[in-house]
Amino acid sequence: MSDARLIAALLDERRGYLARRLADRVADVDAALAALNYAVAETATIEPQVETATRKKPLRRKRD
1 MSDARLIAAL LDERRGYLAR RLADRVADVD AALAALNYAV AETATIEPQV ETATRKKPLR
61 RKRD
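Numbering (the working numbering), first residue to last: 1 to 64.
You may find that some hints are simply not true.
[What the hints assert, rightly or not] Label pairs and their calculated CB-CB ranges: (1) Ala41 to Arg61: 17 to 23 Å; (2) Ala53 to Ser2: 45 to 51 Å; (3) Ala23 to Asp3: 45 to 51 Å; (4) Ala23 to Ser2: 42 to 48 Å; (5) Lys57 to Arg20: 42 to 48 Å; (6) Lys62 to Val40: 21 to 27 Å; (7) Ala34 to Lys57: 44 to 50 Å; (8) Glu13 to Arg61: 28 to 34 Å.
Hints in this document: simulated from the structure, not taken from any laboratory. Note that beta-carbon positions come from the ideal geometry of N, C-alpha and C, so glycine has one too.
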């Protein structure tokens, strides 16, 4: 496989990982692209996988 076809395949794979928000996989593909001397010029980042929402407390029923 030529370098151009390999880079195109890696970029396609990277787009799929970005869509599924798999940051570790994106980093792996970026490392493979860097090994081929290709710099990724994308500025978008994946949102952090930190849960910020809190669960509401359940309503208590009044017992008579």
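Hint-by-hint comparison with the structure:
no. : hint                       : verdict
1   : Ala41 to Arg61: 17 to 23 Å : violated (58 Å)
2   : Ala53 to Ser2: 45 to 51 Å  : holds (47 Å)
3   : Ala23 to Asp3: 45 to 51 Å  : violated (26 Å)
4   : Ala23 to Ser2: 42 to 48 Å  : violated (29 Å)
5   : Lys57 to Arg20: 42 to 48 Å : violated (33 Å)
6   : Lys62 to Val40: 21 to 27 Å : violated (59 Å)
7   : Ala34 to Lys57: 44 to 50 Å : holds (48 Å)
8   : Glu13 to Arg61: 28 to 34 Å : violated (52 Å)
Checked against the numbered hints given earlier, this structure breaks hints 1, 3, 4, 5, 6, 8; the rest are met.
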